[in-house]
Amino acid sequence: MTENSDSCKYVIRQISVFSENKPGRLSAIAKGLEEADVNIYAFSIAESKGFGVVRLIVDKSTAALKKLADIGFMVSYTDVIGIKMEDRPGGLYETASILGDADINIEYAYAYSGRNGAVLIIRVDDVTSAVKKLLAAGKELIKAEECL
Amino acid sequence: MPVDELRKLQYKLMKTLVYRLYSFSPFYHDRMKDAGVHPDDIRSLADVKKLPFMYKKDLRDNYPNKMFTASTDELVRYHVSSGTTGKPTVVGYTQKDLDVWTESLARSLTSCGIGRGDVMQVSYGYGLFTGGLGLHYGAEKVGATVVPASVGSTEKQITLIQDLNVTAIACTPSYLNHISDVAEKMGVSIKNDTSLRVAVLGAEPWTAGMRDRIQERLGIRAHNIFGTSEISGPMFTDCAEQKGIHIWGDIAYTEVIDSETGENLPDGESGELVVTVLQKEAMPMIRYRVGDITSLDTSVCPCGCTHPRISRLTGRVDDMLIIRGINVFPSQVEHCLMQIPEISGQNYMIIVTRDGSLDSMRVQVELRKEFFSDKIDDLLEIRKKVAYELKNALNVSVDVELTAPDSLPRFEGKAKRVIDRRVL
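Those sequence lines, one after another, are chains U and S.
Residue 121 in this note's numbering sits at position 121 of the first sequence, with consecutive numbering throughout.
Residue 1049 in this note's numbering sits at position 49 of the second sequence, with consecutive numbering throughout.
Next up, chain U with everything else stripped away, as it sits in the complex:
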């Protein structure tokens, strides 16, 4: 149990937003978050014909979700993991090779380079086991409280 709750510390809540492919949708999301005084750490857009999913890591996920739902967006939480990387050539390779060696299948991933170094956000099916494997491999993960 302690081990599981230990893993929980490293599960970050990503906000996933459904968006039709039409002008003004991203700006509506951004405006809503500004009004709710939410800061965005990282985000990515996955697009397909006609629609896309905007994924956000923010400082106040509860407030962000509520605000986006209130202004009419279809939103949900998704558990993701944030892996700290060295912000230098080879940083991503080190991280990616650990994931490969640990047999962790990534649904999708995106990265950002913040004030405290580079971070790779990954979405996997079994978050708990991925966290354990990454910690065991010596990777430093972002704690959920760092995103609160």
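In short, the hints are calculated from the structure, not lab data.
Predicted model, so just to flag it, every value in this text is computed and none were measured.
The C-beta atom is built at its ideal place from N, Cα and C for all residues, glycine as well.
Certain hints may be false.
What the hints assert, rightly or not - Capping the alpha-carbon separation at 27 Å, the derived lysine-lysine pairs in DSS-like fashion look like this: (1) U:K22 to S:K1369; (2) S:K1375 to U:K22; (3) U:K31 to S:K1369; (4) U:K66 to S:K1375; (5) S:K1156 to U:K31; (6) S:K1087 to S:K1384; (7) S:K1012 to U:K49; (8) S:K1012 to S:K1049; (9) S:K1375 to U:K84; (10) U:K22 to U:K66; (11) S:K1156 to S:K1141; (12) S:K1375 to U:K49.
Claimed, not checked - Over 10 Å on every C-beta distance to chain S, these chain U residues come out as not near it, computed from the model: (13) T62; (14) K66; (15) P89; (16) G138; (17) E140; (18) A144.
Said to hold, decoys possible - Derived CB-CB ranges, DEER-like: (19) S:D1181 to U:G72: 20 to 30 Å; (20) S:I1351 to U:G72: 16 to 26 Å; (21) S:E1370 to U:S27: 23 to 33 Å.
Following the hints, complete the assembly by docking chain S onto the known chain U.
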């Protein structure tokens, strides 16, 4: 045949038909009783207006064969068309019904100058749809050589038109335009490189302007054909004069009515087409509300023919759409969407456009919140499922667009869920 004699014949056939249905069709017997009409009340053609109407809904309510007045062992064929809510409409035929259908079409093709020595490519769908088999037998009857090409494999169709010296083609006007486009890309000019000289086009609305463009572009005569499975199938065309579609009076009795009042309209006035098929055994239709908008012309045609004519169809009284020759009712779309848990069935939009020469139909649906996923693949899977179910229900390929809940328009009063952007 002189007009007077034709009307006498029509009256005789009508009288026989009404007695027949009153005696053998529980459905129409009850309908006549409800309307307070007895066969003895029909003493002239003018009395036909006393008879109650029949509707497409009646066929659906009596699915599959409760309207039939022939026993199953007398039937030699079924055709099936789309109904309004997913339930199809079944039409049964006795051998005589097929013979009358073929006879009607044979006369029509003859009036377009098609006969022995012609090679006719039938590029209507063969199968449950009446277009393919209808034209097939009609063309054989007049002695033409039939190429039963059906729809699709357009490049092969063009090769056949060239190699078999095809002189006549039967298809939808949009498919003929598509054939011309594809031929041009292949470096084939239908006008200069083929023997094609005449086309019999229908199963979807088209204008005289489009006819002129087709005639000019392909160097052919383009005739207009009319029919619907409820009356047998494609049966009537315009003649060489191209001044309206001749409805053979001994085969059908034609009226044009005001949709609201049900009153007969005089020649030249636009209204809803009502057809009584005078010689039909398996599934006779009396005063069937076809739903197409047209006008009647009972004057003698410049070709000398005394049979009444109807003008080019200009639209529908209901919300039926015709997509690449296939009838689609918005209610069918709704019925199908209602069965899919991942989306909201009540809110949807249908957008019809014409890309190049082919119709294309897009359906916008609202995803349900519970099924929203951050993974694009999950969402694509839902879209694929909706497209698959719609294709199954409508027989037409549909583009599906997923939208967020509550993002599509809501309607107060009558919903306008169809946007038809096709320019005829």
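Here's how the hints hold up against the structure:
With a C-alpha separation of about 20 Å, the suggested pairing of K22 of chain U with K1369 of chain S holds against the 27 Å cut-off. A distance of roughly 19 Å separates the Cα atoms of K1375 of chain S and K22 of chain U; the hinted pair therefore holds under the 27 Å criterion. A distance of roughly 22 Å separates the Cα atoms of K31 of chain U and K1369 of chain S; the hinted pair therefore holds under the 27 Å criterion. A hinted pair counts as satisfied when its Cα atoms are at most 27 Å apart, and K66 of chain U with K1375 of chain S qualifies at roughly 21 Å.
As the CA atoms of K1156 of chain S and K31 of chain U are separated by approximately 56 Å, the hinted pair breaks the 27 Å bound. Between K1087 of chain S and K1384 of chain S the alpha-carbon distance is near 23 Å, which keeps this suggested pair within the 27 Å criterion. The suggested pairing of K1012 of chain S with K49 of chain U is violated, with an alpha-carbon distance near 61 Å, which exceeds 27 Å. Between K1012 of chain S and K1049 of chain S the alpha-carbon distance is near 16 Å, which keeps this suggested pair within the 27 Å criterion.
Proximity of K1375 of chain S to K84 of chain U is assessed by CA-CA distance (about 23 Å); at most 27 Å being required, the pair is judged to hold. The straight-line distance between the Cα atoms of K22 of chain U and K66 of chain U is roughly 23 Å, inside the 27 Å bound, and the hint therefore holds. A threshold of 27 Å between alpha carbons decides the hint, and for K1156 of chain S with K1141 of chain S the separation of about 26 Å falls inside it, so the pair holds. With a C-alpha separation of about 14 Å, the suggested pairing of K1375 of chain S with K49 of chain U holds against the 27 Å cut-off.
Non-interface call for T62 of chain U relative to chain S: holds, since the shortest CB-CB distance, roughly 17 Å, exceeds 10 Å. With a cut of 10 Å on Cβ distances, K66 of chain U stays outside the contact zone with chain S, its closest approach being about 14 Å. The claim that P89 of chain U is not at the interface with chain S holds, since no C-beta of that chain comes within 10 Å of its own (minimum 30 Å). Every C-beta of chain S lies more than 10 Å from that of G138 of chain U, the closest at about 28 Å, which supports listing it as non-interface.
With a least CB separation of 25 Å from chain S, E140 of chain U remains clear of the 10 Å interface cut-off, as annotated. Distance check on A144 of chain U: its Cβ is at least 17 Å (rounded) from any Cβ of chain S, clearing the 10 Å threshold; non-interface status holds. The hinted window of 20 to 30 Å between D1181 of chain S and G72 of chain U is violated, with their beta carbons roughly 42 Å apart. Checked against the hint of 16 to 26 Å, the pair I1351 of chain S and G72 of chain U passes, with Cβ atoms roughly 22 Å apart.
The supplied range of 23 to 33 Å is met by E1370 of chain S and S27 of chain U, whose beta-carbon atoms lie about 28 Å from each other.
In this structure, the hints that do not hold are numbers 5, 7, 19, in rising order.
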